[in-house]
Amino acid sequence: MDNWRKSSYSGEGDGNDCVEIANSPTHTAIRDSKAPARATLTFPAGAFVTFLDGVKRYSTVTDFARFRG
Numbered sequence: 045m046d047n048w049r050k051s052s053y054s055g056e057g058d059g060n061d062c063v064e065i066a067n068s069p070t071h072t073a074i075r076d077s078k079a080p081a082r083a084t085l086t087f088p089a090g091a092f093v094t095f096l097d098g099v100k101r102y103s104t105v106t107d108f109a110r111f112r113g
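Just so you know, we're using the working numbering here: the sequence shown kicks off at 45 and counts up by one.
Derived from the structure by calculation, the hints contain no laboratory data.
Since the model is a prediction, treat every value here as computed from it, not as a measurement.
Among the hints, erroneous ones may be present.
Unchecked claim - Mimicking DSS-like on lysine-lysine, the simulated pairs with C-alpha atoms at most 25 Å apart in a straight line are:
1) K50 - K100
2) K50 - K78
3) K78 - K100
What the hints assert, rightly or not - The calculated label-pair distances, taken between Cβ atoms and stated as ranges, are:
4) K50 - F87: 14 to 24 Å
5) R101 - D46: 25 to 35 Å
6) R49 - A91: 16 to 26 Å
7) V99 - K78: 15 to 25 Å
8) S51 - G98: 11 to 21 Å
Note that beta-carbon positions come from the ideal geometry of N, C-alpha and C, so glycine has one too.
I would like the entire structure built from these sequences, with the hints used as guidance.
This is the structure:
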């Protein structure tokens, strides 16, 4: 995927501590903006919305990290 975009919430300074997203007609992918050459999470079309709905129940990244273990 070539059309990576960084979140509009990324600002100056620590703005690189963010995720990037890329869409294609069949998939959505996300990656860490600090390490773009590392692994990405890739979701089939439509499944990314389900992933986001599941993540929304956590109020912070720390809460989500605790869930992941």
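Give me the numbers of the hints this structure contradicts, sorted from smallest to largest.
none
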